[in-house]
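Protein sequences appear in the order of chains A and B. All residue numbers for the first sequence refer to the numbering used here, where the first residue is 1 and numbers rise by one. All residue numbers for the second sequence refer to the numbering used here, where the first residue is 1 and numbers rise by one.
Hint data in this document are derived by calculation from the structure and do not stem from the laboratory. Careful, some of the hints might be misleading.
Which copy is meant is left open, so a pair is good if it fits within one copy or across any two.
Stated by the list, open to error - In silico DSS-like cross-links for lysine-lysine, where the CA-CA straight-line distance does not exceed 25 Å:
1) K177 - K81
2) K127 - K158
3) K133 - K165
4) K154 - K126
5) K74 - K17
6) K81 - K123
7) K177 - K70
8) K198 - K154
9) K133 - K90
10) K136 - K17
11) K136 - K90
12) K177 - K136
13) K183 - K74
14) K123 - K16
15) K16 - K127
16) K50 - K177
17) K126 - K177
18) K126 - K165
19) K74 - K177
Here the structure is a predicted model, which means the values were calculated and not measured.
There are 2 protein chains.
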Amino acid sequence: MTARFFLDNSREFLEKKTVSKDLNADVFHHLRDVLRVKTDDVVELVADRKAYLASIQIVTENNIVFSQLKAIVKDPELPIKMTIVVSPLKSDHLEWLLQKATELGVSKIILTDFAYSVVRASKIEKKLPRYQKILKAAAEQSHRLLVPEIMYEKNFLKRVVLTSKQAGIVAWEESSKQGETSKLASTIKAVKIDPAIKELISVFGPEGGISQSEIKELASAAFVPVGLGPRILRAETAPLYLLSSASLLIELS
Amino acid sequence: MTARFFLDNSREFLEKKTVSKDLNADVFHHLRDVLRVKTDDVVELVADRKAYLASIQIVTENNIVFSQLKAIVKDPELPIKMTIVVSPLKSDHLEWLLQKATELGVSKIILTDFAYSVVRASKIEKKLPRYQKILKAAAEQSHRLLVPEIMYEKNFLKRVVLTSKQAGIVAWEESSKQGETSKLASTIKAVKIDPAIKELISVFGPEGGISQSEIKELASAAFVPVGLGPRILRAETAPLYLLSSASLLIELS
Numbered sequence: 001m002t003a004r005f006f007l008d009n010s011r012e013f014l015e016k017k018t019v020s021k022d023l024n025a026d027v028f029h030h031l032r033d034v035l036r037v038k039t040d041d042v043v044e045l046v047a048d049r050k051a052y053l054a055s056i057q058i059v060t061e062n063n064i065v066f067s068q069l070k071a072i073v074k075d076p077e078l079p080i081k082m083t084i085v086v087s088p089l090k091s092d093h094l095e096w097l098l099q100k101a102t103e104l105g106v107s108k109i110i111l112t113d114f115a116y117s118v119v120r121a122s123k124i125e126k127k128l129p130r131y132q133k134i135l136k137a138a139a140e141q142s143h144r145l146l147v148p149e150i151m152y153e154k155n156f157l158k159r160v161v162l163t164s165k166q167a168g169i170v171a172w173e174e175s176s177k178q179g180e181t182s183k184l185a186s187t188i189k190a191v192k193i194d195p196a197i198k199e200l201i202s203v204f205g206p207e208g209g210i211s212q213s214e215i216k217e218l219a220s221a222a223f224v225p226v227g228l229g230p231r232i233l234r235a236e237t238a239p240l241y242l243l244s245s246a247s248l249l250i251e252l253s
Numbered sequence: 001m002t003a004r005f006f007l008d009n010s011r012e013f014l015e016k017k018t019v020s021k022d023l024n025a026d027v028f029h030h031l032r033d034v035l036r037v038k039t040d041d042v043v044e045l046v047a048d049r050k051a052y053l054a055s056i057q058i059v060t061e062n063n064i065v066f067s068q069l070k071a072i073v074k075d076p077e078l079p080i081k082m083t084i085v086v087s088p089l090k091s092d093h094l095e096w097l098l099q100k101a102t103e104l105g106v107s108k109i110i111l112t113d114f115a116y117s118v119v120r121a122s123k124i125e126k127k128l129p130r131y132q133k134i135l136k137a138a139a140e141q142s143h144r145l146l147v148p149e150i151m152y153e154k155n156f157l158k159r160v161v162l163t164s165k166q167a168g169i170v171a172w173e174e175s176s177k178q179g180e181t182s183k184l185a186s187t188i189k190a191v192k193i194d195p196a197i198k199e200l201i202s203v204f205g206p207e208g209g210i211s212q213s214e215i216k217e218l219a220s221a222a223f224v225p226v227g228l229g230p231r232i233l234r235a236e237t238a239p240l241y242l243l244s245s246a247s248l249l250i251e252l253s
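Next up, chain A with everything else stripped away, as it sits in the complex (with noise of 0.2 Å):
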């Protein structure tokens, strides 16, 4: 499968067909320094959310020129923004969810706090770098044309409004022990038939789970608690349920 990369800087690379040390330092090294690349190699390069298929002309110490760049019709992005409001977890779960909701098509990441958060978002947030640069990679591997954006927003349960062009769902883990068996696949299916919903924001509790006060905030704020179905599943398992189910119903239904 032939390696994609984000470009930093764009422009040099669809007007001058070159990627610089100066310019586009990190793909500059990974392409000559780690895949070694040679005249007529191909790569994919993702230059403003569009993908190309670049052969190589020749490379040098300070630049690797491209003879043809062939755009890349195919478009991997979900047509629905799917942003996911997750608890801070321990290291290692936080970061594969960002691995594998990226591979499953999320666009955007908030960690907020929660009642019941075991980890607090404000011990974290000196490592969104670290985490940018996870999802950056995971983008990169799972062949998309956006790197998801990863933040924290503090009180963000307390202050959040949707705008006509968001819906929202919170999961929660009662909706199901009720026998709640709909909500998700028809809240899904109604955001992807309405071309007003451009966003669909989805809440998930901490290990702990969401208290029952969150629960209302929510619903008063309009977000639908939906089931993810009979069994429990775990903080870092739960995004990727609802990702996976939003693919197959918008994208493969």
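Assemble chain B onto chain A, guided by the hints.
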């Protein structure tokens, strides 16, 4: 959330309302020495694929006796047996696939060698007991009624023959590349409404992908090649997409 445990000796529990150091050593140890349960504490115990809310009457040197057992009617198991066939993967990847697949309802995991397998299944046969432990812990944690089984089947791909009670799919990247977007959902829906089908066997290739001849072999054995969406999923992620999709279409639609 009430802790759930699978009993080794169901009969002792059902006939004597007792968990003894001799016949149910693991659960006895966990309840007495780890959870330090006392009179009137309530735990969930699984005996003969039924779950019971059991309140503790007395804890002695060698026995834990329960005052009453209340059967839990809720069934968290998928109505169709979900078997996944995967290549051995790097140990940590395989171990978390086992945990997540269990949360998502898998019934059986078959490890076999693919043409492009990086890790050889024969190499990890000795790890099967460890993997079985991971599956049991995950089944307890996700409140399943059964523990998924795992086995190594040499030459599964060459030998497999679907019975009239089984349906089969094989995840195939090329299928997505060719724009196929309907076979996964249509196959799961067909399985759901066909009372004759009791098991869905899903095959997933290794990191290096599945070979053309393996796809041919499986297709000639009536396995349906299906795409899992427009993004490249890692070997350990693809089965989670399938299991989530099956849960959504079978349990939540």
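Which of the stated hints cannot be reconciled with the structure, identified by number in ascending sequence?
3, 6, 14, 15, 17, 18
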